[in-house]
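Novice: Read off the chains here:
There are 2 protein chains.
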Amino acid sequence: MIFINIDKTDPSKHIYQQIYKEFKNSILERKVAENEKLPSKRNLADQLKVSINSVSNAYGQLLAEGYIYTIERKGYFVEKITEFIDQHETGAINFPSDLKEKFQSKEGWLSLSHMTSDISMFPFKKWLMYQNQAIKNHKQELSEISSPQGPYIVRKTISRMIAFTRGVKCEPEQIIIGGGTQPLVRQLMSLLKENAKVAIENPGYSRIHAVLKSMKFEVVPISLDKKGVDIKEIESSSPNILFITPSHQFPTGTIMPISRRIELLNWASHSNKRYIVEDDYDSEFKYGTDNIPSLQSMDRNHQVIYTGTFSKSLLPSFRISYIVLPPDLLRTYKQYYSNWIQGSNLFSLLTLHYFIEGGDYERHVKRMTLHYEMKRKMLIKQLLTTFKDDIHIKDVPAGLHFLAHFKTSQKYDDINERANREKLEIYSIERFTFDSKYKDDENSISLVIGFATIKTEEIREAVYRLYRIIK
Amino acid sequence: MIFINIDKTDPSKHIYQQIYKEFKNSILERKVAENEKLPSKRNLADQLKVSINSVSNAYGQLLAEGYIYTIERKGYFVEKITEFIDQHETGAINFPSDLKEKFQSKEGWLSLSHMTSDISMFPFKKWLMYQNQAIKNHKQELSEISSPQGPYIVRKTISRMIAFTRGVKCEPEQIIIGGGTQPLVRQLMSLLKENAKVAIENPGYSRIHAVLKSMKFEVVPISLDKKGVDIKEIESSSPNILFITPSHQFPTGTIMPISRRIELLNWASHSNKRYIVEDDYDSEFKYGTDNIPSLQSMDRNHQVIYTGTFSKSLLPSFRISYIVLPPDLLRTYKQYYSNWIQGSNLFSLLTLHYFIEGGDYERHVKRMTLHYEMKRKMLIKQLLTTFKDDIHIKDVPAGLHFLAHFKTSQKYDDINERANREKLEIYSIERFTFDSKYKDDENSISLVIGFATIKTEEIREAVYRLYRIIK
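Chain order of the listed sequences is A and B.
Each residue of the first sequence is one higher than the one before, starting from 121 at the first, in the working numbering.
Each residue of the second sequence is one higher than the one before, starting from 121 at the first, in the working numbering.
Derived by calculation from the structure, the hints in this document are not laboratory data.
Take these hints with a grain of salt, some might be off.
For chains that are exact copies, the list does not tell them apart, and a pair is met inside one copy or across any two.
Once the Cα atoms are required to be at most 20 Å apart in a straight line, the calculated SDA-like pairs of lysine to any residue come out as [said to hold, decoys possible]:
1) K336 <-> S310
2) K527 <-> E550
3) K333 <-> E314
4) K220 <-> D448
5) K151 <-> Y189
6) K220 <-> E154
7) K575 <-> H491
8) K454 <-> R551
9) K495 <-> S433
10) K313 <-> K336
11) K157 <-> Y587
12) K317 <-> F337
Go ahead and model the full structure; you've got the sequences and the hints to work with.
Specialist: Shown next as structure tokens:
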């Protein structure tokens, strides 16, 4: 027999839920035997002075969750339920304090981060207008799961655009859209898993390094000379996959000259198992010259895999990147990933389509190029004026960051601690070096300095803070 | 000596680009020797009768791309460039025709797909209002890369919501947001890589099966009895990771009763290396009962990993899913993925935050529950009226699909071909079975029937088409 205790005074406690909970707990705590018959709905309703509906709802819920069973014309019975093995006496483990996230207020901070883009000039109004157009024209698609590579019309628009701006030769079929370069590289590399030896630039992009390491690839860091990755080191370590950033080496800024490009393509052509992954992460921004044609545009053997992103040219928060696969890899990809759902938000992808088609992408990049060029010049001038002979800037007029070397006896740990005190977000080259081969001089440090976020009126103050940090 | 040919009649061809191209091609085609001196800017400008600026821009671009070098006060010289090894005579491989995507018009089609959600009642106006609020309040964040697990405030909102609706016990720290369940499962499983043996439901969710297979896991399909996964098969095949859908088994619809839940939790508790992944993909929709508490809510040993998605309750095109990790796995995750960028569009995530906080998520789910319940009833009634004794529907009032068995001598291949002719999108259970253990009767077929997309006024016609397909 189950004793049911109902509180009718609190209207927030539904009667049926109270009945449900009382039975549920009694059954779980084994206060009632299996196969015991429950009171009939009418009897219980009378006994508790509640509506038969409340009892009915409670029994329905108990039935749905499997606490009771019913036999037609006989009534409701308690289900046979295995006893819980409870290993922890308290039944609860407190959440470990080392996993609690700590928050640091960014109030009063200035940033020379290379990871951001300037949102102050983002044409939200235009973007939202195109978004409305996307919603209006693609209702059906938005309720469905799109193609595993992303909607065809968006891939077509991207393929046209990169043919025009980067000389990339590809069909929309070859493009795979994803929520960032990292997941795309991960998908790509899962196709190349067998016995792959991967080479990356050193210093280079640490997030790609992290993906490759997490996949347990053998990763060889390759030193840079003034033209880019050292071709002799590549030949001697003999990788089959090479990750490079020829348009604007990250983080040193080197634009790879044509001679090294041909050397690398020649290196690849010696075996059809070799691939070069060209990460064209910020090629949109060149100051003083036209865009530099992509490496992919010169590849005649389908051995260059091209990756691009809208994180720099639009905003990183959109999470829209893409990869262009050569036909043979595409064929493998389609076998592996036919059941994969592409990871980018479809609203943004379709909005992007109209944004590009309407000419606003090109206009935005042009406008941002002028804006970034101006900020870049101001920042470099302020740095030179302030640090005088103690700074050397690798001045490549491209991208959203540059590398600067400072004469100082400070070590990186001190620099980071002081930067924290001065409230200046900076990143040193340490973060992007992968073995002991890369070395700064004894008395100098190198910083990757981004100028996308900093406001023109903050440049002077940011450089003063930097001076106090480094001196 | 380089012969330069300029076309001044076509204003679309910039002079500087023509000069640049002529030099570039001459150098690549080795018509000019390395270290040969280029004409001075002034001389070339005079000779071609163009402005010195045009020559200057052309030389600048050639310099940036590394075709030429300059010596101060001496002029410009041709760079030494390695010769191209060209393996393919034509220099171009035609795009293989088998990789060309084919398009089938969906004009006139009706859909009983389980993969969609109903967009006709999506509150776009509200969503866009909250989006404006997100843009206004989070400008700075939108220009940056967010936390590797997604913005804290969004995780906090989700953790509160699933505590309330699903009884899930977790801190915002334990939530990882991603662009779909697939990439999240992939990240999770990369942490459990060593010697993991994975068990899945059979029939079950084929997209998860695909992820596990692509990662080369040993995957054991487990048969279902009327309570869900067969506990004896689990014990005998002894996996350490078990993927299940207890709230509404996909695709059979079974709601796992409390007794099986406790059996599974007991099974897990025998070793701290065992985990159960609870995929709660459509638990928002229950017709006639309250929500069924999640398995995670009963787990006292931190062995249940909970995953949820907004693909069913909102729209699949948002690509917003999340996973809740127990503390020990979270610690490992943070080590592996500190350098990872979360893959969901930040605009949608922050909009979702306000959408939930403003109460509109709850309102939308309530409204859709009524709407789906009505469509579900109509569809079932029409099916019963039309197929009479030749149909058996597994009528579990939950989710956005149900399983139906039809008496017929037709085979699946014929059914699919006829469905194509009748223009009806349907999915048979074949798609979701993973070995030969699952068998239909000789004279019956099973279809997974979704009712999210179909309009009420189309139901009758869809069922008639189905009748013509199956009879």
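Novice: If you test the structure against every hint from before, which numbers come out violated?
Specialist: 6 and 11
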